[in-house]
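Residue numbers (this note's numbering), protein chains in the order written: chain A, 1 to 476; chain B, 1 to 440.
The reader is advised that the hints may include incorrect statements.
Said to hold, decoys possible - Within a straight-line C-alpha distance of at most 27 Å, the following computed DSS-like cross-link-like pairs (lysine-lysine) qualify:
1. B:K17 <-> A:K273
2. B:K167 <-> B:K210
3. B:K158 <-> B:K272
4. B:K228 <-> B:K10
5. A:K9 <-> A:K59
6. A:K24 <-> B:K76
7. A:K9 <-> B:K50
8. B:K319 <-> B:K239
9. A:K24 <-> B:K87
10. B:K76 <-> A:K38
11. A:K40 <-> B:K322
12. B:K199 <-> B:K292
13. B:K210 <-> A:K24
14. A:K277 <-> A:K370
15. A:K40 <-> B:K87
16. B:K43 <-> B:K272
17. B:K292 <-> A:K24
18. B:K228 <-> A:K273
19. A:K40 <-> B:K332
20. A:K38 <-> B:K272
21. B:K341 <-> B:K239
22. A:K126 <-> A:K85
23. B:K43 <-> A:K273
24. B:K272 <-> B:K319
25. A:K377 <-> B:K332
26. A:K9 <-> B:K87
27. B:K239 <-> A:K40
28. A:K24 <-> B:K17
29. A:K85 <-> B:K76
30. A:K126 <-> B:K210
31. A:K85 <-> A:K40
32. B:K332 <-> A:K275
33. A:K38 <-> B:K10
34. B:K50 <-> A:K24
Hints are computed from structural coordinates only; laboratory data are not their basis.
Quantities reported herein were computed from a predicted structural model and do not represent experimental measurements.
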Amino acid sequence: MAGDPNILKELQGIVGEEQATSDKHIMYAYSYDMSFVKNKLPAYVVLPENAEEVQQIVKLANKTKTPLIPYVAGTNIGGLCIPEKDNSIVMDLKRMNRIIRIDEDSRYAIIEPGVSHAQLAEELYKRGLRFGWPVGPPSASVLACAICHGIGGITGRYGLNSEQITSMEVVRPTGEVARVGSCAIQEDSWHSLLPLPLLNGLFTGWLGTTGVVTKIGIFTPAIPPEVEIVTTATDTLQDMYKYMLQMGRYEIADDLTAVSWWLSQVPIPYPYKEKPKDAPEWNSYAVLYAYTPKELEAKLEMFEQTVKDQQKAGSSLQVTQYPEEARRARTELPSQIVGSTKNYSKEAGGGISWPGTFTPANRWVDVWEKWRDIYTKRNLSPSVRVTMYRGTHYGMLRAMTPLNKQYPDQVENARMAIVEALQVLLDNGGIPYKPPVDFWKEIFDRADPGFVQLIQDVKDFIDPNNIMNPGKLLYR
Amino acid sequence: MEWNFRNIDKEAELNLKHFFWKCTACGTCRSGYTFGPPPTFRKICPQGQKFGFEGFFASKGKAALARWMTSDPILKNEFEWTPEYLKTLYTCTGCAGCQNQCQIDFKPHIIDTIEAMRAKAVQDGVGPLKDHNVLVQSMRNNDNPYTGPRGMRAKWMKGLDVKDINKEDSSVLYFAGCTPAYNAPIRQLAVKTVSVFNKIGVDFGTLGKKEVCCGSTVLRLGAREEFKRVAEKNLEIFKNLHDERGVDTIVTSCAGCYRCILEDYEIADDFKDYMDGITIKHTADFIYDLYKEGKFEPKNEIDMKVTYHDPCHLGRHVKDWKVDWDGSQQWKGSYLDVEDKGTFEQPRELIKAIPGIKYEEMRRNRNNSYCCGSGGGVKTAFPDWAAENAALRVEEAEQTGAEKIITCCPFCHANLNDGAKVRNSQLRTIDLVELLDEAL
Ligand SMILES: Cc1cc2nc3c(=O)[nH]c(=O)nc-3n(C[C@H](O)[C@H](O)[C@H](O)COP(=O)(O)OP(=O)(O)OC[C@H]3O[C@@H](n4cnc5c(N)ncnc54)[C@H](O)[C@@H]3O)c2cc1C
Ligand code: SF4
Ligand code: SF4
Chain A
1 MAGDPNILKE
11 LQGIVGEEQA
21 TSDKHIMYAY
31 SYDMSFVKNK
41 LPAYVVLPEN
51 AEEVQQIVKL
61 ANKTKTPLIP
71 YVAGTNIGGL
81 CIPEKDNSIV
91 MDLKRMNRII
101 RIDEDSRYAI
111 IEPGVSHAQL
121 AEELYKRGLR
131 FGWPVGPPSA
141 SVLACAICHG
151 IGGITGRYGL
161 NSEQITSMEV
171 VRPTGEVARV
181 GSCAIQEDSW
191 HSLLPLPLLN
201 GLFTGWLGTT
211 GVVTKIGIFT
221 PAIPPEVEIV
231 TTATDTLQDM
241 YKYMLQMGRY
251 EIADDLTAVS
261 WWLSQVPIPY
271 PYKEKPKDAP
281 EWNSYAVLYA
291 YTPKELEAKL
301 EMFEQTVKDQ
311 QKAGSSLQVT
321 QYPEEARRAR
331 TELPSQIVGS
341 TKNYSKEAGG
351 GISWPGTFTP
361 ANRWVDVWEK
371 WRDIYTKRNL
381 SPSVRVTMYR
391 GTHYGMLRAM
401 TPLNKQYPDQ
411 VENARMAIVE
421 ALQVLLDNGG
431 IPYKPPVDFW
441 KEIFDRADPG
451 FVQLIQDVKD
461 FIDPNNIMNP
471 GKLLYR
Chain B
1 MEWNFRNIDK
11 EAELNLKHFF
21 WKCTACGTCR
31 SGYTFGPPPT
41 FRKICPQGQK
51 FGFEGFFASK
61 GKAALARWMT
71 SDPILKNEFE
81 WTPEYLKTLY
91 TCTGCAGCQN
101 QCQIDFKPHI
111 IDTIEAMRAK
121 AVQDGVGPLK
131 DHNVLVQSMR
141 NNDNPYTGPR
151 GMRAKWMKGL
161 DVKDINKEDS
171 SVLYFAGCTP
181 AYNAPIRQLA
191 VKTVSVFNKI
201 GVDFGTLGKK
211 EVCCGSTVLR
221 LGAREEFKRV
231 AEKNLEIFKN
241 LHDERGVDTI
251 VTSCAGCYRC
261 ILEDYEIADD
271 FKDYMDGITI
281 KHTADFIYDL
291 YKEGKFEPKN
301 EIDMKVTYHD
311 PCHLGRHVKD
321 WKVDWDGSQQ
331 WKGSYLDVED
341 KGTFEQPREL
351 IKAIPGIKYE
361 EMRRNRNNSY
371 CCGSGGGVKT
381 AFPDWAAENA
391 ALRVEEAEQT
401 GAEKIITCCP
411 FCHANLNDGA
421 KVRNSQLRTI
431 DLVELLDEAL
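Isolated chain A, as found in the complex:
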């Protein structure tokens, strides 16, 4: 038995004997994920069923100064649920999986942390609604994705999944329950965070270090009946960027993405494989949804105009035919095929990590050229994706990096490639999302000291005993 038997007893007193454990092999199952982050065993795992139990567990952790890590499916690709400290409690929230209400008129849903993308997709689809489904595992948490600034298939139109949050209920690290957004004023009203102070900011992007979110409201837009996917290829990212810039300005795509040749392979070649000379280096897709055939026609016209303009300007841009399976992968989300990591890790096996970043689109080309060198030198495929958010405001730039978890030297090789890539990225104005601890070091080395201090002050204020996922913010 690991940990303090008294703490285990107290946990069992809260949730029942069968719902808390210190068994070593169970601790092991929570000690790793698919990322390069080194495994570490927690001392306890506890399975609460409701917010009251969460509250009692948090109070216990706070009283005993025991580290507490919120967990749902552990698929964040950043080791964010792997303990940094000894004697940690992992609080597995999978059992809190109620879809409390779907408000069809106001188009929002209220959900608990354990609600998975697959579960919510079934219910929303019945009502003609959707969400920003990530290309991640269908069994992962919608709430965890949203509070970690997740990205989905509608980000091009509506922004990040955290921007879809309409209200929240949280248990603070000191045990108090708080609501933020409209539900704070009227219990049944979960439609909006604004115009109140954006207190949800205390709990989004903090990686479970500031409290436990027990419910959120999320905006669930309609599924438009018309859809078309248009695809192109270019020889260089420079050409692709220019095309995406023009397309992005029209704000017609729900998802406007390009992938390097290596990422378009299923799965990503591991180790590095040379691209055939005649294959274009970049392929793109734009998902065009519309409410009427005419709207779709207008969108297609804008696409055609963009292609003409780009070609006239000397671009290598070509319109391509997209394989049916790949087409479906764009719209049929959440996807078991993509989410199961098949497209990414099947050849490498066991692991995947990324420098996943938000980066101004006009820096993509510079970063890409350096990333390609870093990856190929380490015998890894430069499997890079770029996505425009909200027009051309900024974009996602990430390198899916498969790794073989069975061999620590291969994991370390991937980790080093990722950290080197991150250094380049940060120096070009990008910011990583869902950052593992290794990333925070690079961030803080470059960050404004005022920002670093503010992060720590906020954390100290809200979590005076530093019990929530401690260590994940490097200094806290």
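Knowing the structure of chain A, use the given hints to seat chain B with the ligands on it.
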């Protein structure tokens, strides 16, 4: 006879370790999901639903158990057997619901990994569980897992018109299996199979008292030595029956026997020599073929609404895995594809062929069916939980408005009826042959 079992810690190029390290911990195996449209989300892992913790949950958990058992390369842990570890290992029903979801190279090897861990437990003298030992001991003493004397095996056929294949020729051997022979509430399964065969004019025989357990129950627990003993006996019996009595088809009404003889006996070096010229079929398949050949037509009207429960061992367990062992197509050990050989549609078509029957599918069906909770030794060691899980399935069947659940496996049959009792439900499970017997 040499048996090519796969071991958890065997040093070889493409050993199980290679495959369980391919798991990415993505957790896709935790739920049955298809995009559709419409998208469908289904709970698929009985063990995970019940016990909740990772480790218990799906093949993600089983990869974790295997990695812990064989020592993690970073933690370099020394593995020790504990009662808690054994509980996690033995509360998996081996239903393969998780396997159906996985898309990674681990997929074809998931059930083998679970069974290899159990075999290691037995080899190390800590497995199976105490309650299982009665079953294993009974296999040793009586050639059946039910502690029933050998002499009682043929009791179910008393007064029936059944040919003794030990003495008379027939091309069809009806392999009744131990459950209808020793579990009184399931006896009707064998009785009605015989009745149906007679009604449609099948020439068949049985082994009577000489029948020997297929070995499935002990194999699932990891007791490989016991399995080998009965399996070798059976292979010899089958070969003799083929050579001397003209048997070319073995028919069984038990999904467990079917999977075991079809898929597990195959790993014996001499399997092909022994089974040359013999086909193994489940009753549902066998009767279906006769139906398709126009040999009979269900005539009697049955005014009833029913649903069908897919037994794991008859459906999703029966697969032809395509693995690139030599790396000539993708890379060594790559999982390329899978061909479903399971019996899914045949029982459904037979049910629907009965005049008056109304049929309604349960939410979870075919490859994404929900296990009744009886498999993998769970019914023996955790009978209350097995019934509790079956109650969940009965509840799902109730939602269809069915008046009866039809199935094709004596284990599911018994457990679902226990589940109905847990729920105080009137909904009873019967076998396909019982329904057909009424219709003929
Ligand atoms: C192949 C693959 C592709 C992916 N693609 C995408 C993608 O396109 N877009 C995307 O956004 N993500 C993607 N992901 C990441 C991930 O799957 C999603 O973000 C997912 O929804 C996270 O859910 P989870 O249940 O795994 O969260 P977890 O990993 O369990 O948790 C994530 C973080 O949130 C914290 N947390 C969890 N619950 C709470 C709570 N209730 N209160 C406070 N903190 C909490 C945890 O402590 C942790 O820091 C991908 C993952 C994989 C494996
Ligand atoms: S077994 Fe397969 S589906 Fe399950 S976690 Fe591992 S890779 Fe994912
Ligand atoms: S075989 Fe069935 S019970 Fe066992 S882990 Fe897989 S889904 Fe769960």
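Do the hints match the structure? See the list:
1. B:K17 <-> A:K273: Answer holds: B:K17 to A:K273 is near 26 Å, not above 27 Å.
2. B:K167 <-> B:K210: holds (12 Å)
3. B:K158 <-> B:K272: Roughly 35 Å between the alpha carbons, so the hint for B:K158 and B:K272 is violated.
4. B:K228 <-> B:K10: holds (20 Å)
5. A:K9 <-> A:K59: The hint holds at about 15 Å.
6. A:K24 <-> B:K76: Holds. A:K24 to B:K76 sits at ~14 Å (cutoff 27 Å).
7. A:K9 <-> B:K50: holds (21 Å)
8. B:K319 <-> B:K239: The given pair, whose Cα atoms are some 25 Å apart, holds under the 27 Å limit.
9. A:K24 <-> B:K87: Distance of about 13 Å is within 27 Å: holds.
10. B:K76 <-> A:K38: holds (13 Å)
11. A:K40 <-> B:K322: Status violated; Cα separation ~36 Å.
12. B:K199 <-> B:K292: holds (16 Å)
13. B:K210 <-> A:K24: violated (47 Å)
14. A:K277 <-> A:K370: holds (20 Å)
15. A:K40 <-> B:K87: With a Cα-Cα distance of about 23 Å, the restraint between A:K40 and B:K87 holds, given a limit of 27 Å.
16. B:K43 <-> B:K272: With Cα atoms ~39 Å apart, B:K43 and B:K272 exceed 27 Å; violated.
17. B:K292 <-> A:K24: Judged against 27 Å, a Cα distance of about 55 Å means the pair is violated.
18. B:K228 <-> A:K273: violated (46 Å)
19. A:K40 <-> B:K332: Answer violated: A:K40 to B:K332 is near 31 Å, above 27 Å.
20. A:K38 <-> B:K272: The hint is violated at about 48 Å.
21. B:K341 <-> B:K239: holds (24 Å)
22. A:K126 <-> A:K85: Since the Cα atoms of A:K126 and A:K85 sit roughly 44 Å apart, the hinted pair is violated (cutoff 27 Å).
23. B:K43 <-> A:K273: violated (39 Å)
24. B:K272 <-> B:K319: holds (18 Å)
25. A:K377 <-> B:K332: holds (25 Å)
26. A:K9 <-> B:K87: Given that 27 Å is the threshold and the Cα spacing comes to 20 Å, the pair holds.
27. B:K239 <-> A:K40: Given pair B:K239, A:K40 is violated - Cα atoms ~55 Å apart, limit 27 Å.
28. A:K24 <-> B:K17: Holds, at about 20 Å.
29. A:K85 <-> B:K76: holds (19 Å)
30. A:K126 <-> B:K210: violated (56 Å)
31. A:K85 <-> A:K40: holds (9 Å)
32. B:K332 <-> A:K275: Answer holds: B:K332 to A:K275 is near 21 Å, not above 27 Å.
33. A:K38 <-> B:K10: holds (26 Å)
34. B:K50 <-> A:K24: Holds, at roughly 19 Å.
In this structure, the earlier hints numbered 3, 11, 13, 16, 17, 18, 19, 20, 22, 23, 27, 30 are contradicted, and the remaining ones agree with it.
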